[in-house]
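J.: Chains as they are written, first to last, in this note's numbering: chain A, 1 to 353; chain B, 1 to 353; chain C, 1 to 401; chain D, 1 to 401.
No lab work stands behind these hints: they were computed from the structure.
Per the computed footprint, the stretches of chain D lying under chain A, defined by three or more beta-carbons under 8 Å from a beta-carbon of chain A, are:
1) 259 to 271
2) 380 to 393
Here are the in silico distance ranges between beta carbons for each label pair:
3) B/Arg264 - C/Ala29: 32 to 40 Å
4) D/Arg111 - A/Phe3: 35 to 43 Å
5) C/Phe215 - A/Phe231: 19 to 27 Å
6) D/Ala83 - B/Gln176: 46 to 54 Å
7) C/Glu230 - B/Lys6: 41 to 49 Å
Given the structure is predicted, the values throughout are model-derived calculations rather than measurements. The beta-carbon is built from N, C-alpha and C at its ideal position, and this holds for glycine as well.
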Amino acid sequence: MSFELKELQDSTRRVIDAAGIAADESELWSQLTELGWLMVTVPESLGGLEAGVQGACTMHCELGRGLARAPYLPAMLALDAICGSEQSERDTWLEQVFAGGLITTCLAECSLHVSDSRLDGSATGVQSADSAQHVLLWTDSNDLVVLVDLRKPGVAITAKPTWDLTRRLFDVELDQVPLSEHHIVAEGESARVMIQRLAALRDFYLAADAIGGAQTMLEMTIEHLQTRVQFKRPLALFQALKHRCADMKASIVAAEAMLFDALRRLEGDLDNPQFGIKARGVKMFATTMFTQVAEDCLQLHGGIGMADEHPCHLFLKRALLSEQLSGSGAAYASNLALDLIENSGNLQSGKCA
Amino acid sequence: MSFELKELQDSTRRVIDAAGIAADESELWSQLTELGWLMVTVPESLGGLEAGVQGACTMHCELGRGLARAPYLPAMLALDAICGSEQSERDTWLEQVFAGGLITTCLAECSLHVSDSRLDGSATGVQSADSAQHVLLWTDSNDLVVLVDLRKPGVAITAKPTWDLTRRLFDVELDQVPLSEHHIVAEGESARVMIQRLAALRDFYLAADAIGGAQTMLEMTIEHLQTRVQFKRPLALFQALKHRCADMKASIVAAEAMLFDALRRLEGDLDNPQFGIKARGVKMFATTMFTQVAEDCLQLHGGIGMADEHPCHLFLKRALLSEQLSGSGAAYASNLALDLIENSGNLQSGKCA
Amino acid sequence: MTTENRIEALRQEVRAWLESNVPTGWREAMTNVEQDAFVAAQRDWFVKLSTAGYATPHWPQGWLGGGRSLAEQKVIFEEVARADAPRLILYFVALYHAACTLFECGTDQQREKYLDGILQGKIWCQGFSEPNAGSDLASLRTKAERRGDRYVINGQKIWSTMAQYADYCLLLVRTDNSGPPQAGLTYLLLDMKTKGVSVRPISQITGDDEFAEIFFDDVEVAVEDRVGEEGAGWAVAQATLASERGLTLVELTQRMRYALPMLVQSMRQNGCEHDPVVHRDLGKLIANVDAACALADQYLMKRIMGDEQVGDASIVKLFYAKTLREFAALGVRIGGLQAQYYSGFMRGATQETGHWTLDFMNSYNWSIAGGSNEVQRNIISERMLGMPREPKSWQLAEGKA
Amino acid sequence: MTTENRIEALRQEVRAWLESNVPTGWREAMTNVEQDAFVAAQRDWFVKLSTAGYATPHWPQGWLGGGRSLAEQKVIFEEVARADAPRLILYFVALYHAACTLFECGTDQQREKYLDGILQGKIWCQGFSEPNAGSDLASLRTKAERRGDRYVINGQKIWSTMAQYADYCLLLVRTDNSGPPQAGLTYLLLDMKTKGVSVRPISQITGDDEFAEIFFDDVEVAVEDRVGEEGAGWAVAQATLASERGLTLVELTQRMRYALPMLVQSMRQNGCEHDPVVHRDLGKLIANVDAACALADQYLMKRIMGDEQVGDASIVKLFYAKTLREFAALGVRIGGLQAQYYSGFMRGATQETGHWTLDFMNSYNWSIAGGSNEVQRNIISERMLGMPREPKSWQLAEGKA
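Between the sequences and the hints, there should be enough to build the whole structure, so can you do that?
T.: This is the structure we're talking about:
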């Protein structure tokens with residue numbers, strides 16, 4: 001990790017640690033906007049920190065460690081889109097965002113179509129939509145990215161409470177929403193490229209969040225095992241439990257290496273199609289790992305982990321939801337395999353005897 | 001386990017233990033024919049022991065414990081078919097078998113068709129075909145079961161050495177074999193029923209064999225762990241290893257319970273279609289379990305398990321082959337699921353809120 | 001009539017009775033319902049079942065419904081599972097733990113005082129576990145001091161199922177610290193209305209509060225409410241814990257089998273009925289469920305035949321706990337994002353409610369409570385496979401890691 | 001030229017060289033071939049590679065090909081993997097273990113005597129492991145007695161790679177039993193033609209005999225062939241073991257990635273190219289392979305930066321071993337019955353030969369040798385996660401379980 005990333009990590013961790021696990025959403029949101037965390041990927045030319053996707057993932061990892069409720073992840077995606085839009089409007093939007101105005105977006109399915117210059121359809125998994133003025137959405141045909149004003153006619157939001165208590169998701173329904181009243185961020189080919197990039201970023205960010213969550217969960221568990229005495233020995237002395245912790249540690253470190261390795265190789269090359277497929281691999285690996293770690297860690301906590309007041313379950317529930325957001329593991333695995341099959345046509349074929 | 005089964009188990013085990021792991025094929029074959037083991041499922045009226053499928057599985061389990069090379073399994077299948085054939089010929093065949101004449105059969109795919117009263121096609125996984133005079137085969141269309149004389153024109157056998165060193169498999173090719181020169185065991189509806197039953201028996205027997213193999217492998221491993229001292233403690237004291245042994249034990253006992261539970265419920269009802277689907281479940285569970293047990297036990301043996309002269313690998317290789325014989329786990333799992341889906345039409349549907 | 005015929009006749013009788021008596025739509029009615037309504041529903045079902053004699057087949061001859069063989073009891077449990085009747089979780093401790101302990105170790109006076117109450121619907125809870133004692137009963141610390149003809153109790157119990165509704169409690173306390181830890185335990189029967197008793201339900205990660213903590217502040221229990229001798233509590237507790245004799249897992253594994261179509265229904269709802277990947281996972285699960293059923297069945301058969309070996313029970317519980325987790329986990333996968341939306345919980349249901357994330361959380365009750373998977377693995381490896389225990393002398397001074 | 005440009009230039013240079021020099025069809029040629037032909041082929045490839053300077057990038061400046069940075073060495077390993085060149089397994093101990101030990105701990109005289117020989121193709125083997133010592137080097141028992149200016153050696157070594165072809169051996173022996181066990185070890189260089197040395201290849205479960213036992217019967221070694229002081233063998237052995245510095249796992253994980261299309265080829269051959277169930281398994285494996293590559297890469301980067309932490313190497317090895325097993329296991333599943341037919345073995349190949357059952361067996365070399373998965377888990381939990389070791393005082397009298 002570079003010195004700059006380490007700095008970013010340390011300063012983020014201090015804030016998140018001070019706020020505590022699953023801290024209040026609006027307080028953390030105010031704090032992070034004030035601290036300028038939304039600027040992390042924004043180019044220096046636009047007044048940002050230009051710390052790139054690596055910088056953003058470093059921060060998502062820290063927010064994941066604290067099971068942050070604040071909608072940093074969708075806001076960062078929306079910001080990425082805005083930075084890629086036409087200059088004239090861009091600065092206005094950036095100003096609004098840096099002032100703390102939340103623009104959210106869809107973490108699950110977005111299914112929209114345009115006819116007669118009106119938008120119809122719906123989006124699921126829109127985080128904290130009730131606190132946002134706008135939502136960034138896109139069409140099925142991939143030729144339009146639009147910022148929809150949530151307060152305008154034809155737009156309805158419905159809370160969809162999840163078992164995960166640390167994120168608040170909404171469905172957004174659009175019924176004959178006139179396009180002219182909303183802001184088009186990109187169209188045509190540039191929309192297509194932007195939508196692909198947003199999907200990849202969403203995967204990387206969710207992966208980073210999962211890695212952070214798994215780290216805290218394992219640390220908490222080891223702490224518990226060190227403290228808890230049974231048959232006059234700390235549980236941490238029992239080899240069967242030690243070995244499970246070692247396996248979990250290895251998976252967490254592997255996910256982290258995989259994420260940052262992908263980013264190092266692809267950072268300057270966000271529109272490379274390999275970016276998308278790499279992102280899917282990382283997202284699948286990291287969120288599956290998070291669920292496995294959380295599942296076993298809850299078991300290692302014993303009865304106390306089953307109590308609502310202990311934070312264990314918050315990790316497990318966040319992990320389960322993250323596995324489903326953006327795209328399920330089964331679908332992603334299939335994507336990865338088909339990509340390999342497609343690219344194994346003649347490649348290396350002389351190799352197999 | 002009933003008293004009779006226990007008796008059968010004890011006497012079989014004594015013989016197999018005395019012969020040793022993976023003992024010589026022809027010696028054990030002579031011994032087991034002399035001891036009358038081929039009579040175990042044959043009805044008393046035909047001079048057999050009438051110990052049923054439970055009896056046969058008890059014995060296959062013991063043969064599996066010793067990784068028996070002798071082709072007891074295909075011989076038992078062929079015998080079952082013969083017992084179900086027309087009375088007149090049956091007695092001649094039984095006499096021949098009880099005298100030690102091997103009739104083998106196909107443990108993998110049998111793909112045959114008849115035209116102009118001639119048989120064409122092939123069978124794979126025919127055990128010890130070079131020691132047999134006849135092979136029991138059946139047609140794709142399920143309307144013919146036939147004993148083919150392996151020495152007659154048009155019949156060719158090819159050795160297909162396997163990684164498993166304890167069973168010798170062959171391919172059998174039939175090229176314009178005149179049916180009239182071979183013995184038809186069943187035709188039409190009775191052939192269909194017989195083929196189904198044979199498939200189920202094959203699954204149960206392979207499962208029993210796998211259960212026996214897994215038992216010995218785990219016992220051997222625990223013995224190794226008890227004996228081997230590292231850092232001045234026997235390996236058996238290390239809790240991580242103990243827990244793995246406990247998990248293996250639980251799977252082995254589960255497979256055993258599953259097998260004998262299915263047989264207890266279905267013994268008198270061999271032509272029930274549930275017999276086939278139960279058999280697939282048991283075969284899949286037991287052979288997968290055997291592979292998992294063998295895989296982990298080899299690991300627990302450390303370097304010594306990698307040496308050819310240690311019997312560890314014989315278990316693992318037999319397990320891997322058994323997983324593929326009769327039908328792969330993936331195919332069987334799919335069968336089980338489709339059976340459930342088909343039978344979940346209206347059944348219990350009021351149950352889900 | 002042969003035994004087999006008698007058993008089959010009982011099966012038909014119970015099946016017919018259940019068909020006309022299991023409350024219809026109880027699952028819907030018990031979803032997201034307040035505790036009070038749940039308690040009322042449990043009571044109604046208890047009255048029906050016990051009046052018919054099917055709640056107490058394990059009680060001795062002479063009691064309503066009593067005198068049934070273990071094989072007959074098994075049939076009743078199997079049929080209850082098959083009929084998808086509500087689980088009588090509120091009365092389980094009373095009907096099994098309390099009753100069997102009284103039959104086996106109680107005085108005539110105690111039996112007279114308490115058993116009729118159980119039949120009339122008194123609710124009992126168990127006061128064994130304590131914070132930080134985990135699976136290690138010998139380390140219990142809730143203290144009872146003898147003062148004249150009374151014990152005075154101070155301390156805390158935890159993970160007591162439905163203690164907030166209980167009329168009585170089976171209480172294990174420490175009366176002596178001087179000898180080996182197991183020898184200092186004493187077994188008491190406590191009226192939950194006694195002064196100084198307070199109960200705090202523990203809010204669970206499922207949103208339910210099936211368990212509670214019980215606090216004791218100078219609580220007095222008469223010496224005549226002691227079961228067994230002072231210091232004999234360990235042995236009495238073993239009788240309590242053995243009382244259900246494997247029947248619960250016969251019921252639960254059977255229920256799991258009957259619940260498999262719920263997964264198919266979820267597949268249909270989520271459009272993955274024809275997905276071969278789901279088929280494979282489902283097929284593997286079906287086999288595991290089948291194995292779990294066979295294990296529970298075999299275990300009970302062994303008990304009936306008097307063939308039980310040490311470790312047998314651990315294998316059944318460990319395997320069931322793993323399979324139950326897999327069941328719920330497959331439900332979660334099939335449910336996809338839908339299963340992540342909060343769907344509330346269903347009270348007094350089986351482990352399989354079709355609210356998959358709820359079921360997933362609930363499945364931990366079986367891998368943690370009543371001897372965790374880890375404890376079962378210790379038992380299997382040490383007491384069944386003969387692998388050595390770590391010597392007891394291997395201890396660390398407390399607090400030092 | 002910036003460092004980055006230099007590295008990229010080296011990459012292109014090595015890639016071009018490999019394209020015209022890797023022997024075509026070596027996999028087919030090395031399948032089911034006798035050992036002698038294999039040895040000849042290894043020698044040919046060694047001569048080519050070392051003449052080009054690519055066999056010794058890790059040697060100091062001044063030696064042929066030497067003086068390369070770790071980053072440059074990494075490039076060479078990556079390109080060798082990419083080009084699917086044969087693995088130089090017969091020369092690995094000479095080029096890395098022997099050479100690095102001599103550079104780091106040898107005398108000028110020893111370096112003069114042995115290093116040129118290595119460049120000319122002398123083969124070395126390692127004599128560390130012993131029967132029943134497992135991963136516990138401190139318990140070695142092969143004994144060397146000092147007699148005048150010679151050591152006289154008696155005992156036995158095991159798991160020595162290709163010892164049957166070796167000219168020399170790196171030998172760890174016990175010269176003292178009085179102090180702590182690690183302090184009694186001494187490090188010697190042994191000519192394998194010395195009287196009293198005998199080698200017995202161990203037939204492996206794959207049918208190969210990659211490993212051998214070495215027996216010592218009054219074998220004499222001159223004192224001048226001792227590396228380091230008498231009793232300093234443990235420290236010298238650490239230098240030997242550290243010599244490849246993570247490069248092997250960079251190479252092997254890259255080779256694993258390049259071998260993924262072999263699975264696709266098997267899918268095609270077995271008609272399951274379009275099977276969604278296989279797709280899911282393959283997709284999961286692809287991600288695991290990717291993670292293993294990233295881990296190995298990150299580890300080497302850390303070494304380059306001087307950031308290595310205790311336990312890092314254990315994580316890489318453990319994860320690679322698990323992924324390699326999964327890789328081969330998927331091959332076995334895809335291969336179905338076909339993969340169970342004996343297909344012989346391929347010598348000097350990578351871990352992935354497409355003979356899936358062979359590969360499956362071979363994968364144990366990584367989960368057992370060089371510190372088993374279990375030992376790595378101990379290291380990770382104790383030295384990285386800070387979980388307590390079981391106190392050393394917790395021992396049983398030998399033989400007592």
